[in-house]
Amino acid sequence: MGTVKFETLDDRTNTISADAIIYGTPRVWNHFDGTVPSITNSFNVSSLTDINVGVFTTNLTSNLTVNQYAIMLSAGERIAGVFPGGAESGSSVGGQADSSSAFTTVTNDNDSNTKFDFIYTSTAVVGP
Amino acid sequence: MKTLDERLMWAKQNLDPIRSDYRVVFENPDELNMSIDANASVKVLTPDPNWMAAALHGNILPPVWVYWELAKDEAQPGFTKHTRLHLLHETEPVEAMTEEEAMEYLVMKDIPSEIWDTRANRPRFKICRMSQIPSDRQFRAAWALAA
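Chains as they are written, first to last, in the numbering used here: chain A, 1 to 128; chain B, 1 to 147.
The shape of chain A in the complex, shown without the other chains (with noise of 0.2 Å):
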């Protein structure tokens, strides 16, 4: 396996940092089941922990160097009409990072504005 060094990327259009690509790629990704729960597929993720309905805990492998950094979420239902995964405009969902190798995310059922465990929660995480 060979290492390629380099600063920036240009393409002699646009040009991008080599720091833009490692801080702007997501380090860790989790799709899972809530209803379960069960882990879909991910990666850099040890293990999900169910901390009540709606409410779970990603466990990373390995640490971010920071304990702030931005979570991407999103929830939602095979229902007709709606992309398995995507977000649906019946829950709305939050992010916390807990430290630097944990974060916890909820996820509401915006008609009986109650916590809930969606089929599809899909999260990523972006930060150094």
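These are calculated hints, taken from the structure and not from any lab test.
Fair warning: there could be bad hints in the mix.
[Claimed, not checked] Stretches of chain A that chain B covers, calculated by requiring three or more beta carbons in the stretch to come under 8 Å of a beta carbon on chain B: (1) 11–25; (2) 43–54; (3) 65–75.
[To be verified] Lysine-lysine pairs mimicking DSS-like chemistry, simulated, CA-CA at most 27 Å apart: (4) K2/B / K72/B; (5) K5/A / K72/B; (6) K5/A / K2/B; (7) K5/A / K12/B; (8) K12/B / K2/B.
Virtual Cβ for every residue (Gly too), placed ideally from N, Cα, C.
Guided by the hints, dock chain B onto chain A, whose structure is given.
Here is chain B on its own, set in the frame of chain A:
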């Protein structure tokens, strides 16, 4: 030696995920006694299938004490960023574990030490089979660890 991230990527590309039947059920008595936290219910940890494959393969994951050292650093007042992440990448990885050993490793890595590193009147966690956990989540908030 490859970094942990490189080893994880290799595992993702080359190892079949292993869906363990084991779960860890745990509770924090302090949370339960206070009864002010809406999340103060029993918690259930599910191992990641890719992580389990790496654990059983061996030579991928760092020893668990590495995570403890990083947690100590993070607990220091004024922590802004890690300066010892090289421990993850440069410490000799652990050899292949059994599934049971992997679950014990996960307990010590992903569950707060006050849950497992303590002497209590009764266990605060149990490693069990998935079939021993209710599949009906209607009363999820009322789940408790059996004595």
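Each hint, compared with the structure:
1. Requiring three or more residues with a Cβ within less than 8 Å of a Cβ of chain B, the coverage given for the segment 11–25 of chain A is violated, as only 0 such residues are present.
2. With 11 residues having a Cβ less than 8 Å from any Cβ of chain B, the segment 43–54 of chain A passes the three-residue criterion, so the hint holds.
3. By the rule of at least three residues with a Cβ nearer than 8 Å to a Cβ of chain B, the coverage given for the segment 65–75 of chain A holds, with 3 such residues.
4. With a C-alpha separation of about 25 Å, the suggested pair K2/B and K72/B falls inside the 27 Å cut-off, and the hint holds.
5. Taking the CA atoms of K5/A and K72/B, the gap is near 33 Å; set against the 27 Å cutoff, the hint is violated.
6. Between the alpha carbons of K5/A and K2/B the distance comes to roughly 16 Å, so the proposed pair stays at or under 27 Å and holds.
7. For the proposed pair K5/A and K12/B, the alpha carbon gap of about 24 Å is at most 27 Å, so the pair holds.
8. Restraint check: the Cα-Cα separation between K12/B and K2/B comes to about 15 Å, which is no more than 27 Å; the hinted pair holds.
Against the hints set out earlier in the document, violations occur for numbers 1, 5.
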